[in-house]
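Protein chains: 4
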Amino acid sequence: MPLIRFGVSIEKDLLIKFDRLIKDKKYTNRSEAFRDLIRQELIQEQWQGNHEIAGAVTLIYNHHKRELVNKLMHIQHDFGQVIISSQHIHLDHNNCLEIIAVKGSPKEALRLSDSLKSVKGVKHTTLSMSSVGNGI
Amino acid sequence: MPLIRFGVSIEKDLLIKFDRLIKDKKYTNRSEAFRDLIRQELIQEQWQGNHEIAGAVTLIYNHHKRELVNKLMHIQHDFGQVIISSQHIHLDHNNCLEIIAVKGSPKEALRLSDSLKSVKGVKHTTLSMSSVGNGI
Amino acid sequence: MPLIRFGVSIEKDLLIKFDRLIKDKKYTNRSEAFRDLIRQELIQEQWQGNHEIAGAVTLIYNHHKRELVNKLMHIQHDFGQVIISSQHIHLDHNNCLEIIAVKGSPKEALRLSDSLKSVKGVKHTTLSMSSVGNGI
Amino acid sequence: MPLIRFGVSIEKDLLIKFDRLIKDKKYTNRSEAFRDLIRQELIQEQWQGNHEIAGAVTLIYNHHKRELVNKLMHIQHDFGQVIISSQHIHLDHNNCLEIIAVKGSPKEALRLSDSLKSVKGVKHTTLSMSSVGNGI
Numbered sequence: 001m002p003l004i005r006f007g008v009s010i011e012k013d014l015l016i017k018f019d020r021l022i023k024d025k026k027y028t029n030r031s032e033a034f035r036d037l038i039r040q041e042l043i044q045e046q047w048q049g050n051h052e053i054a055g056a057v058t059l060i061y062n063h064h065k066r067e068l069v070n071k072l073m074h075i076q077h078d079f080g081q082v083i084i085s086s087q088h089i090h091l092d093h094n095n096c097l098e099i100i101a102v103k104g105s106p107k108e109a110l111r112l113s114d115s116l117k118s119v120k121g122v123k124h125t126t127l128s129m130s131s132v133g134n135g136i
Numbered sequence: 001m002p003l004i005r006f007g008v009s010i011e012k013d014l015l016i017k018f019d020r021l022i023k024d025k026k027y028t029n030r031s032e033a034f035r036d037l038i039r040q041e042l043i044q045e046q047w048q049g050n051h052e053i054a055g056a057v058t059l060i061y062n063h064h065k066r067e068l069v070n071k072l073m074h075i076q077h078d079f080g081q082v083i084i085s086s087q088h089i090h091l092d093h094n095n096c097l098e099i100i101a102v103k104g105s106p107k108e109a110l111r112l113s114d115s116l117k118s119v120k121g122v123k124h125t126t127l128s129m130s131s132v133g134n135g136i
Numbered sequence: 001m002p003l004i005r006f007g008v009s010i011e012k013d014l015l016i017k018f019d020r021l022i023k024d025k026k027y028t029n030r031s032e033a034f035r036d037l038i039r040q041e042l043i044q045e046q047w048q049g050n051h052e053i054a055g056a057v058t059l060i061y062n063h064h065k066r067e068l069v070n071k072l073m074h075i076q077h078d079f080g081q082v083i084i085s086s087q088h089i090h091l092d093h094n095n096c097l098e099i100i101a102v103k104g105s106p107k108e109a110l111r112l113s114d115s116l117k118s119v120k121g122v123k124h125t126t127l128s129m130s131s132v133g134n135g136i
Numbered sequence: 001m002p003l004i005r006f007g008v009s010i011e012k013d014l015l016i017k018f019d020r021l022i023k024d025k026k027y028t029n030r031s032e033a034f035r036d037l038i039r040q041e042l043i044q045e046q047w048q049g050n051h052e053i054a055g056a057v058t059l060i061y062n063h064h065k066r067e068l069v070n071k072l073m074h075i076q077h078d079f080g081q082v083i084i085s086s087q088h089i090h091l092d093h094n095n096c097l098e099i100i101a102v103k104g105s106p107k108e109a110l111r112l113s114d115s116l117k118s119v120k121g122v123k124h125t126t127l128s129m130s131s132v133g134n135g136i
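Chains A, B, C and D supply the protein sequences, listed in that same order.
59 is the number that our numbering gives to position 59 of the first sequence; each next residue is one higher, with no gaps.
66 is the number that our numbering gives to position 66 of the second sequence; each next residue is one higher, with no gaps.
101 is the number that our numbering gives to position 101 of the third sequence; each next residue is one higher, with no gaps.
54 is the number that our numbering gives to position 54 of the fourth sequence; each next residue is one higher, with no gaps.
Worth double-checking, as some hints may not be accurate.
Copies of one chain are not kept apart here, so a pair can be met inside one copy or by any two copies together.
[As the list claims (entries may be wrong)] Below, a list of computed lysine-lysine pairs in the DSS-like style, where the Cα atoms sit at most 27 Å apart:
1. Lys-26 with Lys-117
2. Lys-71 with Lys-12
3. Lys-12 with Lys-65
4. Lys-103 with Lys-12
5. Lys-17 with Lys-65
6. Lys-103 with Lys-71
If you are wondering where the hints come from, they were derived from the structure by calculation, not from laboratory data.
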């Protein structure tokens, strides 16, 4: 796709911070970094509407906790519409990292993430809000 | 593990907001929500130090972009120490969701995430900072 | 589901071999082993017909081989109907293990497996024929 | 790596069958098919010795079966040395496809596969014997 070039006005202070960020994040130029910021905004918008989204839910838990594994499994089967597959890493003898790939309704993905988070014994949950790749 | 009970002083306004958050996030009580906040802080700390961490990097990209797939593959093999495995979802004929499970040095995980993000053609990247489960 | 009990006639020699197999495979009794044999037959049948199946394709390849990674990616996107997700393990600096979860038409799964196998540079392929779990 | 060319003597009947197989499997020539046969033999050998191997175990089970999910989880954590990660697919409301990527001792991988297979409620198990990519 052809690139369109245009000017941007920005305060000197803010530009210095932006350039430091670009360097830290290893971007090769300002345009690349700027495009990423716009995409990030578009994705936030998709997650607040009814667009199809994609993303990942991560869980950390101790699989020895009574009934925990069963509960997590039942919740996931209830959200079969929004879950594609999950990846399970045995971190050590007790702890598990589970990464659930989601695609579909943002509302359902958020409900899934909240449901898993509220299960007693789940130590930590994150929700990566990403996109199905169209419109960004 | 036995639970210890203690009092917390908090402004009324802040408590109202906290209770709304608890309800939105489906927590059954304040203690559970409070424990999660503490764990979140501990994980932030682990990622800023040299503790072993776990987490996930998500990528969205169009696999038809020239040389993109090769570049992503080469970067991942250079970071073999911190990558456990990755999960690949074919979103549609063009777009891919790739979720990389990481475990090890937080610095290396951040470097991996930044390296992948800076590859031209990668539309979106997220980094889920989580934990190996000990000390939280 | 209630278990039905019935008698089986079998040559002594064959039974001795069967019992040895049961011991090697750690079955707790003959019925359990016998049920597995029947299920195995049913699955073979599903893969020869038009029933929906599930399974896994594994690949071993050297990702440095010119164009190999791109070709494998393009083939997988052409078979989007039958692929759910794939798991990628970086075995060492050169070698990759890729495990593709498949669900759908047995003919398509076989075509996918054969297409990937015939790509120059793929060192080894296996196809695990399993089932979606119904009717076995 | 340079290719070495040499002659092979083979019965006409067997060659006809071989050529039919090549066509069915979409190989572009006999040499490619022949190399695969040799690699297959080498991998069989690796799995009977003490060489490091890689592969995949697939399981089909009904996650509603009492205690089944817990048992499978506990077994997998006992075999942490040989398991890299696992991929979980929710086939429908009852049935699960779990694919476990293994790397390490062939004896341990076989013991893992047998242990999972013997759990009551597991409907089907397969073991894909593959390789870490070296020496084939």
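Now the hints, each set against the structure:
no., hint, in the structure
1, Lys-26 with Lys-117, "between (33 Å within a copy, 8 Å between copies)"
2, Lys-71 with Lys-12, "neither (53 Å within a copy, 35 Å between copies)"
3, Lys-12 with Lys-65, "neither (54 Å within a copy, 35 Å between copies)"
4, Lys-103 with Lys-12, "neither (41 Å within a copy, 39 Å between copies)"
5, Lys-17 with Lys-65, "neither (46 Å within a copy, 31 Å between copies)"
6, Lys-103 with Lys-71, "both (22 Å within a copy, 25 Å between copies)"
Figure legend: structure checked against the earlier numbered hints; hints not met, in rising order: 2, 3, 4 and 5.
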